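S.K.: Take the two lone chains, each set in its own frame, and fit them into one complex as the hints suggest.
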Amino acid sequence: MNLQGKTTPGGWFVGEPVTFAADHTGGYFSNCFYVEKDGKTAFLKALDIEKFDISQLMGVMAGFEYESELLKICKDKRLSRIVQVIESDRIERDPNASAVLRYVPFLVFELAEGDIRNSVDASSAVSDQWRFYVLHQTTLALMQLHGQAIAHQDLKPSNVLLFGADKLKLGDLGRSSLRGKQAPHDGLALPGARNYAPFEQRYSHVPADWVERRLSSDVFHLGCLTVFSFTNICFPEYVMEKLPEPYRPDNWGAAYIEVMPHIQSSLAIAIQEISVDFPSRFRANLISIVLDLCHPDPSRRGRANTEGSSVAGLLWLQRYASRFDILEKTSRIREVGKNA
Amino acid sequence: MLDGQQPRRVVPRWRQSWVSARTAEAWTQPPRAKHNFADEVTGKHLEFERTKTVPVAAELMFLATEAGNSDIARTAASLILEKVDRIGSKSLIQAAKRVFDGSNEDRLVAQGNDFIREAKKLLSIDFCNPVLLIDVARELTAKGQEAAALRYVKTAVGLAPQSRFVIRSATRYYLHTGEHELAHDLLRKSVLLRSDPWIQASEIAVATVRGRTSSIVKQTISALNNEKVIPANKSELASAVGTVELLSGSEKKAKKLFQQALFQPNDNSLAQAEWAATRLRLVVNEAALQTPFSFEANSNNAYRKLQLGDAIEHAKYWSEDEPFASRPLDTLCYLYSLEGKYIEAREAAEKAIKVDGGHSFSSNLNLLFTKIQSGDVDVAYTDLLRLGKHPEAKSHAIQLLANAGALAYATGDLKLGSEFYQRAIQAARSRGEPHMEALARAFYARAAEVAGDENSLAIVAEAAKNVERLPSPGAIHIVRTLVDIGRRNQLDATASARVAKRRWAWDAATNTLRAIE
Numbered sequence: 095m096n097l098q099g100k101t102t103p104g105g106w107f108v109g110e111p112v113t114f115a116a117d118h119t120g121g122y123f124s125n126c127f128y129v130e131k132d133g134k135t136a137f138l139k140a141l142d143i144e145k146f147d148i149s150q151l152m153g154v155m156a157g158f159e160y161e162s163e164l165l166k167i168c169k170d171k172r173l174s175r176i177v178q179v180i181e182s183d184r185i186e187r188d189p190n191a192s193a194v195l196r197y198v199p200f201l202v203f204e205l206a207e208g209d210i211r212n213s214v215d216a217s218s219a220v221s222d223q224w225r226f227y228v229l230h231q232t233t234l235a236l237m238q239l240h241g242q243a244i245a246h247q248d249l250k251p252s253n254v255l256l257f258g259a260d261k262l263k264l265g266d267l268g269r270s271s272l273r274g275k276q277a278p279h280d281g282l283a284l285p286g287a288r289n290y291a292p293f294e295q296r297y298s299h300v301p302a303d304w305v306e307r308r309l310s311s312d313v314f315h316l317g318c319l320t321v322f323s324f325t326n327i328c329f330p331e332y333v334m335e336k337l338p339e340p341y342r343p344d345n346w347g348a349a350y351i352e353v354m355p356h357i358q359s360s361l362a363i364a365i366q367e368i369s370v371d372f373p374s375r376f377r378a379n380l381i382s383i384v385l386d387l388c389h390p391d392p393s394r395r396g397r398a399n400t401e402g403s404s405v406a407g408l409l410w411l412q413r414y415a416s417r418f419d420i421l422e423k424t425s426r427i428r429e430v431g432k433n434a
Numbered sequence: 004m005l006d007g008q009q010p011r012r013v014v015p016r017w018r019q020s021w022v023s024a025r026t027a028e029a030w031t032q033p034p035r036a037k038h039n040f041a042d043e044v045t046g047k048h049l050e051f052e053r054t055k056t057v058p059v060a061a062e063l064m065f066l067a068t069e070a071g072n073s074d075i076a077r078t079a080a081s082l083i084l085e086k087v088d089r090i091g092s093k094s095l096i097q098a099a100k101r102v103f104d105g106s107n108e109d110r111l112v113a114q115g116n117d118f119i120r121e122a123k124k125l126l127s128i129d130f131c132n133p134v135l136l137i138d139v140a141r142e143l144t145a146k147g148q149e150a151a152a153l154r155y156v157k158t159a160v161g162l163a164p165q166s167r168f169v170i171r172s173a174t175r176y177y178l179h180t181g182e183h184e185l186a187h188d189l190l191r192k193s194v195l196l197r198s199d200p201w202i203q204a205s206e207i208a209v210a211t212v213r214g215r216t217s218s219i220v221k222q223t224i225s226a227l228n229n230e231k232v233i234p235a236n237k238s239e240l241a242s243a244v245g246t247v248e249l250l251s252g253s254e255k256k257a258k259k260l261f262q263q264a265l266f267q268p269n270d271n272s273l274a275q276a277e278w279a280a281t282r283l284r285l286v287v288n289e290a291a292l293q294t295p296f297s298f299e300a301n302s303n304n305a306y307r308k309l310q311l312g313d314a315i316e317h318a319k320y321w322s323e324d325e326p327f328a329s330r331p332l333d334t335l336c337y338l339y340s341l342e343g344k345y346i347e348a349r350e351a352a353e354k355a356i357k358v359d360g361g362h363s364f365s366s367n368l369n370l371l372f373t374k375i376q377s378g379d380v381d382v383a384y385t386d387l388l389r390l391g392k393h394p395e396a397k398s399h400a401i402q403l404l405a406n407a408g409a410l411a412y413a414t415g416d417l418k419l420g421s422e423f424y425q426r427a428i429q430a431a432r433s434r435g436e437p438h439m440e441a442l443a444r445a446f447y448a449r450a451a452e453v454a455g456d457e458n459s460l461a462i463v464a465e466a467a468k469n470v471e472r473l474p475s476p477g478a479i480h481i482v483r484t485l486v487d488i489g490r491r492n493q494l495d496a497t498a499s500a501r502v503a504k505r506r507w508a509w510d511a512a513t514n515t516l517r518a519i520e
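Chains as they are written, first to last, in this note's numbering: chain P, 95 to 434; chain D, 4 to 520.
Here chain D stands alone, though its shape is the one from the complex (with noise of 0.2 angstroms):
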């Protein structure tokens, strides 16, 4: 049986540069004071009136361009072009192509092996580039290289330690690696924590992974308390600090974090306050949704409203931006597990175990539960010894017992298979889960329905009428397939009815969020 609802902090996102650089992270307070240099484009233009030379027209084109005269670029570009057949210089070219037909600049950017090819090419030119080394590390722990990517890590964190980018990668990989006190260290000890807010959401949110409390949430909190609106630039910190109120049982101080965090949200403190929603009975709005890169938040919502194929193509989207990560990939295996697509689900398991190098206990038991569900029971039954021994299996007892239930009912053991789902179900009770206990449940009631088991009817109704006080959106999405039409409406309307609504006005100007209570 899978969890849907593992913990989740805001860790700091780790994408390729170049993709970071199109996210509110990359963005400062822009300088007050701009260099003017019309008088030089002036001036450089008289020249070119006079003199139609290449070098001169060079000169000006790129002046122009940058001065944003596009025209007077233009005109330019058009002499070089004019004499393309004689000049050498193909860069030239390509420059002067690109400002007379007004084109960006097209950054072709290599996949995998191809990118790690590419990168190693531009790093025999200068290995002392610290961005390109984070982007070829994160390629490599994407493909499971880790220790590889180490060496270009550490480089990286030595020629930038001021580098925001550099930092916030860097504590990822070491989270991804399970170094978790280096991963604090790296934050603690930065030049930047002092100043930056986003330095400090991760520095906060990794003392939670190693379960303290960051020395700096106190005086957050205050600064949180006293600006009006939180800037975009605050939004991943306000949501770290409502992590650990959330985490301290201070739901009222954590509600009031994510709300702040909402007002303009990144994708993180947006995934996060998705995360919390049920919880804290947070309000999430479409145009909040529409953020930038928020595949994550965009999938756990649909998944809230019940709407799995949406869920689905998201956490695939998710899965993507994060390629080093399992927990897009256990997101997809749970959620194609809820739609019974068992073949993906498993294909999903097998890759979170590759790219997490089999460590994820987790995962583990995801790739269990589609084993046993597409007929591999003879693996499955090996493997679920194997896991049964394992020191972490004590805290993953529910969905051992579970799918041991699943087991025994796929193998045609019927009454073994009730026994152990009823186990699962109890131990989740007694441990105070109750989205354990829903999902327990659902997975119950449909393996009894598969299996044809004759008090399946009377396990159905059982699971239909505890889902309905359950939180979990997933046991609702299997046992409404198992249901008769009116039971089904119900279990619609439950769900629906979670998924709080309320009106809110967009303020384009200040790309704010302002709830109409």
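So here's chain P without its partners, still in its complex pose (with noise of 0.2 angstroms):
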């Protein structure tokens, strides 16, 4: 689908196609260029309708529109950590197509420099510092989007997006969901990357519990996301690696509680190999976080040591956020110290 040439109703010129956006905003679905209005460069996102069917026409569609909706609360509610759209309408894409294949829904959003993922490059020099800073801006990120009771659900490396020098937003809320309102991809098993897919997922465990089931994918992806900033390590296919044959998901028929403990065995060995690359001074509490954050346990993850106390739902980031903080903290004073 070319839009090239064309202005979106808010005046913004369709320029060169985007090639690097295939994985950082849904673009298996979309097709994306920069947009240029008053000396700005922006990113328009739009639906590429003819990658469908007429039968999937409608529920991509409705998928497209659901992000837009989702997008619109953000905006509204000025959340600065998630990339913020700034224009939402359709688009002339054939004048001579039927009607309803003549519109596609597109999206502009700030143009981002790229994602975190060479930033954190396991072949490149890379300081503590700036590596608890991603984290520590990711789980403020998600805590602002969990405040507005929605669910990213496909946070991975490279939707985390960095503006300028040190900026960090979240983009694609292409799979996310808003508590209350149903969303078109909420039936599928696994809403997010494959990758990254937390385990309950991989098994097709559905928890009856909106938080356990959305909130807490949030926060096993961000314990991905610890593991692949200081190792580029796909964290839960690594565990699954060391998980016996039958008790993998092709595998495994019975419930899904029954397998966690074979996860968690698993787990436990993963977590204890890949330490050897956690900073000395930081391993202990690198691993507490990435076995809190990664408990095949939907219902206790990201909860550890919170038993008998309120700090759990909505709020359970907030002890994240300040230990990452904490964290960045420490290695930035130490290094000044280790250079005077």
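One should not assume that every hint holds.
Far from chain D by the CB rule (all over 10 angstroms, computed), these chain P residues [unchecked claim]: (1) Met95; (2) Asp132; (3) Gln150; (4) Glu207; (5) Gly258; (6) Thr400.
Quick list of in silico lysine-lysine cross-link-like pairs, DSS-like style, CA-CA up to 27 angstroms [said to hold, decoys possible]: (7) D:Lys157 - P:Lys336; (8) D:Lys258 - D:Lys308; (9) P:Lys336 - D:Lys308; (10) D:Lys86 - P:Lys336; (11) D:Lys397 - D:Lys418; (12) P:Lys336 - D:Lys100; (13) D:Lys397 - P:Lys336.
Think of the hints as simulated: they come from the structure by calculation, not from any bench. Remember, it's a predicted structure, so these values are computed and weren't measured experimentally. Every residue gets a Cβ at the ideal spot worked out from N, C-alpha and C, and that includes glycine.
M.R.: This is the structure in structure tokens:
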């Protein structure tokens, strides 16, 4: 689908197609372009309706519509850590097409420099301070979303976007879900990327409680991001490799709760292995963080040491925001001290 | 004198978690729906083609590996390995090497103290690890530290009451420590009892250990009767119910259930069928004996065929498979004694007493016998007096009398030796224990021969005549070494005839044995 040369109702002129966006914009379903207006450059994501047959189209359009609504909430509530939508409307794709296919929905976003993956590349020198900064900022962004009862559900390194030198925002709400409002993708076993899918989703286990079903997967993804930031390892897959064949998702046909102890066992082995890559002074902290955030039981995830306290639900990430903040500051102070 | 035919129940095996994962017990009916993420792999591959960086390569490598697309996974892994000198993450490099070489995850497992040390390191990371807690408990139990293991077992059960592995392992632990009621309660109260055939099999077996009949036996028999072919996950259940029928005297029903259990046996149901084979004239086919981990069944099968060397080898593997259990060691002691290898028999008996904490009267009797036969008669005499005063002595009177006979022969008192052995034989006959009678006669004949008893020819002849009609392969094995070639051939023919033969067809597709009548 080519929209080059067209202008949106808001006056954004559509330019070159964006090539980098395949992963961090939900780009499998969309086409992306640079757009310009008054000397400013932004980024347009339009639903690529040509990719779908008519039976799928309504569902896909509903999904796009749902994302637009969530982005509008984020904009209205001024969620500064979520990528801002600048314009949301429909653009004429082909004047000769039938009425249904003539227009495509689009979203114009502020343009990011890229995502954080390059900045945490395991083959280059990355400071611990930056890694903790990324984790801290991402936690704050998640808290903003959770505060509006929105679960992101597809938090992954490519969806943490970099603006300028160090401004981080969370992008791609294409798989997000608002509490109390059914999303078209809510019925999917794996709403987000396979690489980072929580264990329970791999076994098609769907907790009845919304917090455990939706927010808990964001918490899990934050744990995965922690591992990725230090090792570039996709943690759930790494754990699955440790799991004996009969207990793997494709072979396990009994209840998820019955296989959970085996996942827990493999998780401990995996963490022990990758912990050699954690900086020694933060190792214990990082191990306990990953263990808690990636706990196989969604009802216990992110809730370590909170038994009997009120720290749970929408506010459970507050502790992790503080924790990553402290770790970031600690790493900064020590580095200064070392250089001095 | 030894007892090679202790009663057997289908109590659950207790293996390390990673070994258990290689058995039928770990498998479930696979889910119908499988996730398809080929599109995701394609998308990530396109991104990789544009952006050849380590993070993107890592994402592609893990994704393609999971999808089973090894070519793409290797391409991604090779980029990571090209930059190996610059990558700080050792675990990422190891993962890439595994993908590139196409090797599986190797799990090096330490043994004994090393395992416990390594496991405790993992538990220090996360103590709430029920599978590992059970593994540690098993190692501690094998070292005779049952009390220390209890804490691990209790915690594991508390953390994972819905895990088949944890519940069955804990059950076996409680059986081992003699807490039969606790073992039974654990199974009876398990939420899995309603639906899980492995838990049901264990519950029925443990109920028989307690001398009770499980409340689910009736419905289980009815359900099994309705199944044309018993699937692998119900083999243990069929043999557990078969044992109940056997113990209650319904041999016909028991035989049918054991035959059902042998359609797709696991090592435990096979061992149970082997145990019941002589009594029920069951046929256990060679193909079934290839069932993984069926060391016990193979040992018993080789013993029945008088292939004592093979029986000993399998019993050694069995003992390694269940290092906390005295039963395989008792069997080893028995088999070595049949072979006249008393040093090895004594070692096995001593190990059995060590793992059992000295509680088993049978193991103590075994040790006594090996002490006598290895010439340690002074100690043996003291032990015999001590065991004779034990509360369980009365129920083991045959063995005690036979041991007294063996001791008297060993000390040169041939008359007294003969007298005790004859009393042992008489006791076995009056108690209706033909197996024990056969062994008493066989060991009597061997002792008389070795001691140079002037009546040894008559004693041996008497033994040879009687063991033919008595159901003990072990007795035949002993006596055949004492008689001339003609008589020996006759005894061999008798033993061979008892191992019934039948032709079988093996359906590889359904992993099913079918008898060709």
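S.K.: Please flag the earlier hints that this structure goes against, numbers listed from lowest up.
M.R.: When the structure is compared with the hints, numbers 9 and 13 turn out to be violated.
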